[in-house]
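Generate the whole structure from the sequences, applying the supplied hints.
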Amino acid sequence: MTHPKGTLRRNTTAARINHWITGGCFVLLVLSGLAMFHPMLFWLSELFGGGQWTRAIHPWIGIVLLVSYAGMIVQFWRDNHWSRQDAAWMRAIGSVLGNDERAIPEVDRFNAGQKFVFWAMALLVPALFLTGIVIWDAYFSPYTTIEQQRLAALIHSLLAVTAIVVWIVHVYAALWVRGSVRAMTQGYVTPGWAWRHHRAWLRRLAASGSEGPRPRVSTGRQRQ
Amino acid sequence: MPDLQSQDYIRRSASTLTPPSIRNHEQEVAKLIDVSRCIGCKACQSACMEWNDLRSEVGRFQGSYDNPMDLDPSTWTLMRFTEWENEQGNLEWLIRKDGCMHCEDPGCLKACPAPGAIVQYANGIVDFISANCIGCGYCIKGCPFDIPRINPVDRKSYKCTLCSDRVTAGLEPACVKACPTGAIMFGTKTDMTRWAGERIADLNSRGFQNAGLYDPPGVGGTHVMYVLHHADRPSLYAGLPDAPRISPLVGAWKGLFKPLALAGIAAAALAGFFHWVVVGRNEVQPEDDAEAQRLMRDSGEPK
Numbered sequence: 001m002t003h004p005k006g007t008l009r010r011n012t013t014a015a016r017i018n019h020w021i022t023g024g025c026f027v028l029l030v031l032s033g034l035a036m037f038h039p040m041l042f043w044l045s046e047l048f049g050g051g052q053w054t055r056a057i058h059p060w061i062g063i064v065l066l067v068s069y070a071g072m073i074v075q076f077w078r079d080n081h082w083s084r085q086d087a088a089w090m091r092a093i094g095s096v097l098g099n100d101e102r103a104i105p106e107v108d109r110f111n112a113g114q115k116f117v118f119w120a121m122a123l124l125v126p127a128l129f130l131t132g133i134v135i136w137d138a139y140f141s142p143y144t145t146i147e148q149q150r151l152a153a154l155i156h157s158l159l160a161v162t163a164i165v166v167w168i169v170h171v172y173a174a175l176w177v178r179g180s181v182r183a184m185t186q187g188y189v190t191p192g193w194a195w196r197h198h199r200a201w202l203r204r205l206a207a208s209g210s211e212g213p214r215p216r217v218s219t220g221r222q223r224q
Numbered sequence: 001m002p003d004l005q006s007q008d009y010i011r012r013s014a015s016t017l018t019p020p021s022i023r024n025h026e027q028e029v030a031k032l033i034d035v036s037r038c039i040g041c042k043a044c045q046s047a048c049m050e051w052n053d054l055r056s057e058v059g060r061f062q063g064s065y066d067n068p069m070d071l072d073p074s075t076w077t078l079m080r081f082t083e084w085e086n087e088q089g090n091l092e093w094l095i096r097k098d099g100c101m102h103c104e105d106p107g108c109l110k111a112c113p114a115p116g117a118i119v120q121y122a123n124g125i126v127d128f129i130s131a132n133c134i135g136c137g138y139c140i141k142g143c144p145f146d147i148p149r150i151n152p153v154d155r156k157s158y159k160c161t162l163c164s165d166r167v168t169a170g171l172e173p174a175c176v177k178a179c180p181t182g183a184i185m186f187g188t189k190t191d192m193t194r195w196a197g198e199r200i201a202d203l204n205s206r207g208f209q210n211a212g213l214y215d216p217p218g219v220g221g222t223h224v225m226y227v228l229h230h231a232d233r234p235s236l237y238a239g240l241p242d243a244p245r246i247s248p249l250v251g252a253w254k255g256l257f258k259p260l261a262l263a264g265i266a267a268a269a270l271a272g273f274f275h276w277v278v279v280g281r282n283e284v285q286p287e288d289d290a291e292a293q294r295l296m297r298d299s300g301e302p303k
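Just so you know, the protein sequences line up as chains A and B, in that order. Under UniProt numbering, the first sequence has 99 at position 99, and the numbering climbs by one with no breaks. Under UniProt numbering, the second sequence has 168 at position 168, and the numbering climbs by one with no breaks.
Just so you know, not all the hints are guaranteed correct.
As the list claims (entries may be wrong) - Below 20 Å or equal to it, Euclidean Cα-Cα: the simulated EDC-like pairs (lysine to aspartate or glutamate) are:
{"id": "1", "chain 1": "B", "residue 1": "K156", "chain 2": "B", "residue 2": "D53"}
{"id": "2", "chain 1": "A", "residue 1": "K5", "chain 2": "B", "residue 2": "D288"}
{"id": "3", "chain 1": "B", "residue 1": "K156", "chain 2": "B", "residue 2": "D72"}
{"id": "4", "chain 1": "B", "residue 1": "K156", "chain 2": "B", "residue 2": "E172"}
{"id": "5", "chain 1": "A", "residue 1": "K115", "chain 2": "A", "residue 2": "E101"}
{"id": "6", "chain 1": "B", "residue 1": "K156", "chain 2": "B", "residue 2": "D70"}
{"id": "7", "chain 1": "B", "residue 1": "K156", "chain 2": "B", "residue 2": "D146"}
{"id": "8", "chain 1": "B", "residue 1": "K42", "chain 2": "B", "residue 2": "E26"}
{"id": "9", "chain 1": "A", "residue 1": "K5", "chain 2": "B", "residue 2": "D289"}
{"id": "10", "chain 1": "B", "residue 1": "K42", "chain 2": "B", "residue 2": "E87"}
{"id": "11", "chain 1": "B", "residue 1": "K42", "chain 2": "B", "residue 2": "E83"}
{"id": "12", "chain 1": "A", "residue 1": "K5", "chain 2": "B", "residue 2": "E291"}
{"id": "13", "chain 1": "B", "residue 1": "K156", "chain 2": "A", "residue 2": "E46"}
{"id": "14", "chain 1": "B", "residue 1": "K42", "chain 2": "B", "residue 2": "E28"}
{"id": "15", "chain 1": "A", "residue 1": "K5", "chain 2": "B", "residue 2": "D165"}
Think of the hints as simulated: they come from the structure by calculation, not from any bench.
Here it is, written out as structure tokens:
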């Protein structure tokens, strides 16, 4: 993986491909799901070739997303452990939203907001999958009662709307914090970006002489 | 069913605008099924198959008079037989013609996400417009009577149309036409209710103290009604719901939650947009670059 000299690798190629498969599936699920959720958005079904196609394809995209998000969990869970600094970051949320970086505790690879998005989706995606299976009428309707299907449909829509709101937070944060989108498209960030937003991560990289995304594992010859 | 350009819709699924409804000067109709006069001959089932060109797959004998054993995409009406031992220890053979009840407040229509796939005409008939059906199965979840069935071949949902094509042409439904005992009657809902009253009075005089009309108010009444000898216990008749209503789960899913959800999504997007307008982007400053360079220089250049 190449990146400009003097920059830091923020996300590996595998992680970025994984992320965009997940993101693409999510967008398609939002569009097809909303088409079947509210009459005023039924026109979105035309993007998928009509209502029958939308109904048929939505669950399959969901399966791809489930597998893809499992990959995201494997790649990112180690950097998403909740810590005491995250609680301090949350208390400083006013400064975060006001772009006042001086009043915010130093952040490692991911801040509390990013961890929230990660764990929220880690719960929502499997829950959406399980409730989705129950209302996947074509293959699974014989295995549950109609009352269970009613409950699953209600929960599925509640979870989906929650996931959409989390996703809006995620997308807006990426646009708002300049340099974040490139971190997930081309994979690199500038040291200044890391200093401003993920100073603890930068310190760990610098201390181990790593270009990212993770500090070099100490082997005793890192300063040779 | 072809859409007959009815212009007499009073309800249309997944529609936020008023459907074409100018030709609404018609009386509400009803089919009255007098269970006490039914002999279980299944002529109504045959007539339904005949008129609607339906042929279900031939099944296997299951030790019951029910044939087939359940409604299916090609079986829109079905005689259900119940052997019930009453309080006197006598056997009563309760025979109920099952099928769509054509609710005044149809749960299938409420749950349907496809615009115009389910409609209700001014005469009260609830009809599936199959060209618009997307095969999701939401109508099954909406129905309090477990009536619609999806055909796995074409992924369309089917049920009794109350012979809307015949009724439009001034004919009674095929099952009514075929019934040899007059157990199935058809007319305006007012007339059928009045006729049911006479039948109930007759049954009362014969010792059926609890005889009554099944026109459940929980779904706003139905356009298929039963005269039951045991109207105090409808569930005796092969599980006819005692107090049917649209499930509160469906009500929540298809009611207030829909607009609230869209408002919530829109609010989240607008909050982002106005944060951008008011606070603006979070940009890396020159001093951030300088501090980072100093840190990395002090730690040794990354290779």
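Hint check:
no., hint, verdict
1, B:K156 with B:D53, "holds, 16 Å"
2, A:K5 with B:D288, "holds, 18 Å"
3, B:K156 with B:D72, "holds, 12 Å"
4, B:K156 with B:E172, "violated, 26 Å"
5, A:K115 with A:E101, "holds, 18 Å"
6, B:K156 with B:D70, "holds, 18 Å"
7, B:K156 with B:D146, "holds, 16 Å"
8, B:K42 with B:E26, "violated, 31 Å"
9, A:K5 with B:D289, "holds, 14 Å"
10, B:K42 with B:E87, "violated, 28 Å"
11, B:K42 with B:E83, "holds, 17 Å"
12, A:K5 with B:E291, "holds, 18 Å"
13, B:K156 with A:E46, "holds, 18 Å"
14, B:K42 with B:E28, "violated, 27 Å"
15, A:K5 with B:D165, "violated, 76 Å"
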